[in-house]
Structures are given as structure tokens and as C-alpha cells.
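Required output: the full structure, derived from the provided sequences and hints.
When the letters of the sequence shown are read in order and numbered with the UniProt record's numbering, they come out as residues 1 to 466.
Misleading hints may appear alongside valid ones.
Pairwise CB distance ranges (calculated) [said to hold, decoys possible]:
1) 355 x 290: 40 to 48 Å
2) 418 x 108: 47 to 55 Å
3) 435 x 237: 19 to 27 Å
4) 109 x 290: 26 to 34 Å
5) 239 x 37: 21 to 29 Å
6) 104 x 337: 22 to 30 Å
7) 228 x 203: 37 to 45 Å
8) 228 x 278: 41 to 49 Å
9) 264 x 290: 36 to 44 Å
10) 264 x 337: 52 to 60 Å
11) 20 x 350: 42 to 50 Å
These are calculated hints, taken from the structure and not from any lab test. We put the CB at the ideal spot given by N, CA and C, even for glycine.
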Amino acid sequence: MEQKPQMLVPRLKLGTQGLEVSKLGFGCGGLSGILNAPLSHEAGCAILKEAFNKGITFFDTADVHGQEGDNEIMIGKALKELPHEQVQLASKFGIYRMDFTQLEVKGTPKYVQQCIDASLKRLNVDYIDLYYPHRTDISVPIEETMRELKKLVEEGKIRYIGLSEASVDTIKRAHAVHPITAVEMEYSLWTREIEEDVIPLCRKLGIGIVAYSPLGHGFFAGKAIVESLPSESFLNKHPRFVGENLEKNKVLYARFANLAAKHSCTPPQLALAWLLHQGDDVVPIPGTTKIKNLIDNINSLAVKLTPDDLKEIADAIPIDQVAGEREVVSKLGFGCGGLSGIINAPLSHEAGCAILKEAFNKGITFFDTVDVYGQEGDNEIMIGKALKELPREQVQLASKFGIYKMDFTQLEIKGTPEYLRQCIDASLKRLNVDYIDLYYPHQTDISVPIEETVSIRYDSSIFIRN
Numbered sequence: 001m002e003q004k005p006q007m008l009v010p011r012l013k014l015g016t017q018g019l020e021v022s023k024l025g026f027g028c029g030g031l032s033g034i035l036n037a038p039l040s041h042e043a044g045c046a047i048l049k050e051a052f053n054k055g056i057t058f059f060d061t062a063d064v065h066g067q068e069g070d071n072e073i074m075i076g077k078a079l080k081e082l083p084h085e086q087v088q089l090a091s092k093f094g095i096y097r098m099d100f101t102q103l104e105v106k107g108t109p110k111y112v113q114q115c116i117d118a119s120l121k122r123l124n125v126d127y128i129d130l131y132y133p134h135r136t137d138i139s140v141p142i143e144e145t146m147r148e149l150k151k152l153v154e155e156g157k158i159r160y161i162g163l164s165e166a167s168v169d170t171i172k173r174a175h176a177v178h179p180i181t182a183v184e185m186e187y188s189l190w191t192r193e194i195e196e197d198v199i200p201l202c203r204k205l206g207i208g209i210v211a212y213s214p215l216g217h218g219f220f221a222g223k224a225i226v227e228s229l230p231s232e233s234f235l236n237k238h239p240r241f242v243g244e245n246l247e248k249n250k251v252l253y254a255r256f257a258n259l260a261a262k263h264s265c266t267p268p269q270l271a272l273a274w275l276l277h278q279g280d281d282v283v284p285i286p287g288t289t290k291i292k293n294l295i296d297n298i299n300s301l302a303v304k305l306t307p308d309d310l311k312e313i314a315d316a317i318p319i320d321q322v323a324g325e326r327e328v329v330s331k332l333g334f335g336c337g338g339l340s341g342i343i344n345a346p347l348s349h350e351a352g353c354a355i356l357k358e359a360f361n362k363g364i365t366f367f368d369t370v371d372v373y374g375q376e377g378d379n380e381i382m383i384g385k386a387l388k389e390l391p392r393e394q395v396q397l398a399s400k401f402g403i404y405k406m407d408f409t410q411l412e413i414k415g416t417p418e419y420l421r422q423c424i425d426a427s428l429k430r431l432n433v434d435y436i437d438l439y440y441p442h443q444t445d446i447s448v449p450i451e452e453t454v455s456i457r458y459d460s461s462i463f464i465r466n
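Structure, rendered in C-alpha cells:
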């Protein structure tokens, strides 16, 4: 017998290309084991069917979730008992090797065709509503990947095209080839970088925002705070969930939990409600392995917040007080100084950028430079050029200041607050970025108390070298 959703969850247009989805989606990856042990297909299908019966019709997966595409296989089984025409199914391709410190990405036209055919087979469907490159393969012009995706639309294998964790430049270039319906990005109370440039661009172009990890990988649901983490959870390696960082973040959680009590709701409901109030073009896709959590998430739609409430909630989780980066840095980094000539002759910017992009494509995301490398900060300028073609939010950028005169027999060092201000502003300009992830005094100026030097904080973190 055909089932119909109870429509407890409102519906909206995602983007301006015609795709209609439930205002709250469901991130399916966790059913196959990310934060917890994977569920059986029977248990996973039961949750998906319950979500549908409550009005959630937008299901998000990826070919890399689960062993050998197991998550797509599970969803395919659930769809046998649901009317596919009432489900909006999103999947992704492009990550062909993954661990928690490294991703290997592929976006060639041939690989696109291989992936869509394999996903359709695992899902046991004729088409996928929304199909994303999971990450951008910077070794392949995005235009080539998009042209192949456009062919899939024409062939009826997919209906709409999205992008995932894409830079502003990539979004613009991709949208010029074929209209982008949605951009999927990490977005939550403690990860808000996309508010600066990605969201404004998407709104200008009529692109919807799909917010993954809207509960901060479970943080706002109490993961590692009121619930212990299972041994297999990747959060045991996540910078925000370990050691001193976790202890600092627990203080934020306690403050947030008090606000939730004030609004007579649970912390995850308040976190989702805040996100749901960011605009009708924002669709969170929380996942869960428990029916009670599913119901809790849906009930976030009933939480009403005023502009003053929204400000109070955002102010309770100041971004500069969140301890730890949102992603693990690559286990191997890249020291960029040699590109501008230390041991060998300096490379041209074109040659240096090619090496940096190849390093990124192989999974190296941690790049280290300093304002004194190259003539007049040339190394930072080169990295800035490379970053124009990389997704900034996936790069961990480190730079240094303090050596203002250097030869191989003598260093002259300065660490005054005034000099720090000059240096950070000059580095940001050369790198053409809004922030630096990790900023070091290159050497310690012993004529200035270190407390004075580190009292000015512009960047995500300040660490002291030597």
C-alpha cells in the first residue's frame, strides 16, 4: 500500500531551479557508522521510514558512506517501501579514498560516469534528484566536471546539480556552466565561516544551502558531554572533542544548555531552531540512529525565536571561544618557504602554485609559510594565488612574523603589539585571505614580554614557536 508522509515537516523550494524538499532533511551517513557503530539495514530502514512518515522527504547520502557503498544500499532497500516520487534523494561522488586526516578526490568526466552508474545500481533507482561532487578535484577544471554532470541531467540520470564544500570561485565557475541548485556546507552554531562569503553569493545566484553537521557532529546533542563517545567514533580524533579543547567547549555547552532551558526545549532543538531561522534557503540535514532523537529534531520546528533570541544564542557560542579547528589537519604538512628560494633557486608563481595544488589534491591541507620568505613577502603572495583555486575552508594556513631583518649570520626580531598589527595586516593582504588559521611569532623577542605579544588576537589560534 502506498504511504504518504504526514506532512508534519513544512516544505520549501531549495534553490530556484524547481526542487522542493522538506524544510528539515536527514543526513543518512551516520546510519552506516560515523559517530557510532553502523546499524543493521533493518534498523536503518526503520528510521528512514519513520522519518518519511513524519514528513522528512529529503535524504542525503554519498557513495563513500559505509563499506563499499553500504549506505546507498541501505537507502535503496528503504526506498522499496517508500514512493520514490515523493522522496528527494541526494548523493555525492568524488572521494575515492578517505580517512580522518586525508581525502583523495577525483572529478574526471570518466569517473563521474562510473560513480553515477554505481550509485544508481546500489540505490536501485533510475535517477537521483540532487547530485554533488563531494569535494572539488582541483586537478580537473570544475567546468569539465560540470559539463559531464550537465550530460547526466540531459540523460535523466540526475535532476539537479549541487556542490559540496566548494569555494566561492568554484561556485561561480560551476554555475556558469549549468545552474547550481544547492551547495552543501558544514554549518552550525560553532562553524559559521560560510556566512562571510558563501551564503551571500548563493543568495545572489539563487542557490540553496544544505547544512550538514548542523549539531556540530553531535556536540549540541551532548556528544562527549552528557554522552560518552564510542571507541569507534571519529570524534575521538576530532580537535574539538579531545583534551583541553573539549574541556573549554564544555563551558560553552553548559551556557548553551541553560539557554535551551530558558526556551523550554532541548539543546539540539535550540541549535536546529537557530539554523532554521537563518533563512528559508537553509535546509539542515541532521542524522541520527535513534527514533527518539529523530522526533526531538523534528520538534525543533516548533521553537520560535525572535531576532533578539537569535543574537543571544549566537553570542552564547562566540566563534573565537570555540576550541579546536573544525577539521583534523593532514598528518603531513607542506613547508612552503623553499618555493621562494632557500636551498634552491626560487620557482615561478605558476610552478609553485602547481605544486601546492598537487599537494592539496593528494590530501595535504596544512601549508606553512612566513612573511620573511621570498623578496617582499613573495612566498605569501604565491600561496595567495594558489588559494584562489583551492577551497579556503579546507586549507589550514600557518604563517609567522617577527623577523624583520635576516641573513645567515644574524636575525633581528621584533615582537611589539604595534609590529604584530602591522605584520598580520600585511600578511592577510599578501595572502588575500580574511584570516590565518595558525599564527606564530617566528622567534621570541626577548626585549618584549611574551604576554604583550600574545595579548592581541586576530586569528583562529596563536601558538609560540621557539
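Hint-by-hint comparison with the structure:
| no. | hint | in the structure |
| --- | --- | --- |
| 1 | 355 x 290: 40 to 48 Å | holds, 47 Å |
| 2 | 418 x 108: 47 to 55 Å | holds, 51 Å |
| 3 | 435 x 237: 19 to 27 Å | holds, 24 Å |
| 4 | 109 x 290: 26 to 34 Å | violated, 41 Å |
| 5 | 239 x 37: 21 to 29 Å | holds, 23 Å |
| 6 | 104 x 337: 22 to 30 Å | holds, 26 Å |
| 7 | 228 x 203: 37 to 45 Å | holds, 40 Å |
| 8 | 228 x 278: 41 to 49 Å | violated, 31 Å |
| 9 | 264 x 290: 36 to 44 Å | violated, 22 Å |
| 10 | 264 x 337: 52 to 60 Å | holds, 56 Å |
| 11 | 20 x 350: 42 to 50 Å | holds, 45 Å |
When the structure is compared with the earlier hints, violations turn up for hints 4, 8 and 9 and for no others.
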